[in-house]
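Same order as they appear, the protein sequences are chains B and U.
Heads up, the first sequence is in this note's numbering, so the first residue is 1 and it goes up one at a time.
Heads up, the second sequence is in this note's numbering, so the first residue is 1001 and it goes up one at a time.
For the record, the hints were derived by calculation from the structure and aren't laboratory data.
Watch out, some of these pointers could steer you wrong.
[To be verified] Have a look at the derived ranges for each label pair, beta carbon to beta carbon:
no.	chain 1	residue 1	chain 2	residue 2	range
1	B	Lys11	U	Val1052	39 to 47 angstroms
2	B	Glu78	U	Arg1037	51 to 59 angstroms
3	U	Pro1054	B	Glu12	35 to 43 angstroms
4	U	Leu1017	B	Asn40	25 to 33 angstroms
5	B	Ala8	U	Lys1126	47 to 55 angstroms
6	B	Met1	U	Asp1020	46 to 54 angstroms
7	U	His1046	B	Asn28	44 to 52 angstroms
8	U	Lys1044	B	Ser72	49 to 57 angstroms
9	B	Val4	U	Val1140	35 to 43 angstroms
10	B	Thr5	U	Asp1020	49 to 57 angstroms
11	B	Ala8	U	Val1140	44 to 52 angstroms
12	B	Ser72	U	Arg1094	46 to 54 angstroms
Note that CB positions come from ideal geometry on N, CA and C, so glycine has one too.
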Amino acid sequence: MDKVTLLATIKEVVAPYTKNPEALATLNEDTDFIRDLKINSANLVDVVLDVEEKFNIVIDNDSMEKMINVRSAMEVVENKLAAP
Amino acid sequence: MTITTILEKLPYGEPFLFVDTLEYIDEQKVTGSFTFRPEMDCYKGHFKGYPVTPGVLLTEVMAQIGLVCLGIYLTGGPEGMSFGLTSTQVEFMRPVLPGEKVTVTGEKIYFRFGKLKCRVMMTNAKGEEVSSGEIAGMIVQPVRNS
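This is chain U alone, in the form it adopts within the complex:
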């Protein structure tokens, strides 16, 4: 599966798409990047007068690139299926400011019985480690409000 196909199959849209591009992917590993646009709404309140990217959004970028992109590659992104986040264990080492580009690397720990668990690391443009941890998700039927 090509990188273009994976990006097309991502289930996210604005304002919650946190993958700009993938640089590399195989069955074990994925690398991709995202730039936090300074005009994003979250910076208006996190924090007041002192914009810093919220940790939950760093986690989201790590999950979208390091887990979901790899999951689509491994499963072929079958129609009608979705990924449900099941656990995150993430440490944060450095702040990410508006406009910063981050690079995420996800490495498969296992993909068994429909559950994918990855070791995920995020670095900034200087190559410094921003955050790292383990994130897992499972293939699920999409949940829709009726």
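Just chain B, same shape as in the assembly:
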């Protein structure tokens, strides 16, 4: 999967959980889930579960803790897709 598609898919996943439409509109690799998108920690769990479903991967606790921004989420997904 190319980076553009990956970024667009992550944007789609986080959209229902964000409280900041402006940060969503300008979402990029540096966008932070909590600081920029204002997603609370409980909903962050749902974001991770939706990412799992969307990409058909399983995310472990260590990877979940790394997923604090769009870049790290993309890395986790790419790694899981490369070595399931």
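For this one, chain B is given, so just place chain U on it according to the hints.
The following block gives chain U in isolation, referenced to the frame of chain B:
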């Protein structure tokens, strides 16, 4: 874990304990019941001259039985940990009057990364659906005022 142990580990006390007993529990599902005592304070004002159980208390019964009891069963109710309510999405179909016994069934949707989300349904003594929805909570460190 036995039902008696779960009831002992519940963090609630009077007047905010809304679990009388559990009828069943396993890793997926819990069933329990509570009877709203007619002398409860809320009936004096909800409503004036026409006592009906407030929806927030129906939600609380659903959360205590359908979410917290299952959470204690799944985690073993570790010392020093607590559950924080994170979301409720509940519909109410029928009123519950003073003295009515309700039965709550909670089914796990997921328990991942410390968050438990359940599909919870409440029925009255006739078996009619009173309310239903989805409730979620997370394991948190207890918050205490210093």
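Evaluation of the provided hints:
1. Lys11(B) <-> Val1052(U): 39 to 47 angstroms: holds (45 angstroms)
2. Glu78(B) <-> Arg1037(U): 51 to 59 angstroms: Cβ of Glu78(B) to Cβ of Arg1037(U): about 57 angstroms, so the range 51 to 59 angstroms holds.
3. Pro1054(U) <-> Glu12(B): 35 to 43 angstroms: The hinted range 35 to 43 angstroms holds for Pro1054(U) and Glu12(B), with Cβ atoms some 39 angstroms apart.
4. Leu1017(U) <-> Asn40(B): 25 to 33 angstroms: holds (28 angstroms)
5. Ala8(B) <-> Lys1126(U): 47 to 55 angstroms: Taking Cβ atoms as reference, Ala8(B) and Lys1126(U) lie about 51 angstroms apart, which means the hint holds.
6. Met1(B) <-> Asp1020(U): 46 to 54 angstroms: Once the Cβ atoms are compared, 53 angstroms apart, the range 46 to 54 angstroms for Asp1020(U) and Met1(B) holds.
7. His1046(U) <-> Asn28(B): 44 to 52 angstroms: Given range 44 to 52 angstroms: holds, Cβ gap about 50 angstroms.
8. Lys1044(U) <-> Ser72(B): 49 to 57 angstroms: The hinted range 49 to 57 angstroms holds for Lys1044(U) and Ser72(B), with Cβ atoms some 53 angstroms apart.
9. Val4(B) <-> Val1140(U): 35 to 43 angstroms: Since the Cβ atoms of Val4(B) and Val1140(U) sit about 38 angstroms apart, the hinted range of 35 to 43 angstroms holds.
10. Thr5(B) <-> Asp1020(U): 49 to 57 angstroms: For Asp1020(U) against Thr5(B), whose Cβ atoms are near 53 angstroms apart, the range 49 to 57 angstroms holds.
11. Ala8(B) <-> Val1140(U): 44 to 52 angstroms: The hinted range 44 to 52 angstroms is violated for Ala8(B) and Val1140(U), with Cβ atoms some 34 angstroms apart.
12. Ser72(B) <-> Arg1094(U): 46 to 54 angstroms: Given range 46 to 54 angstroms: holds, Cβ gap about 47 angstroms.
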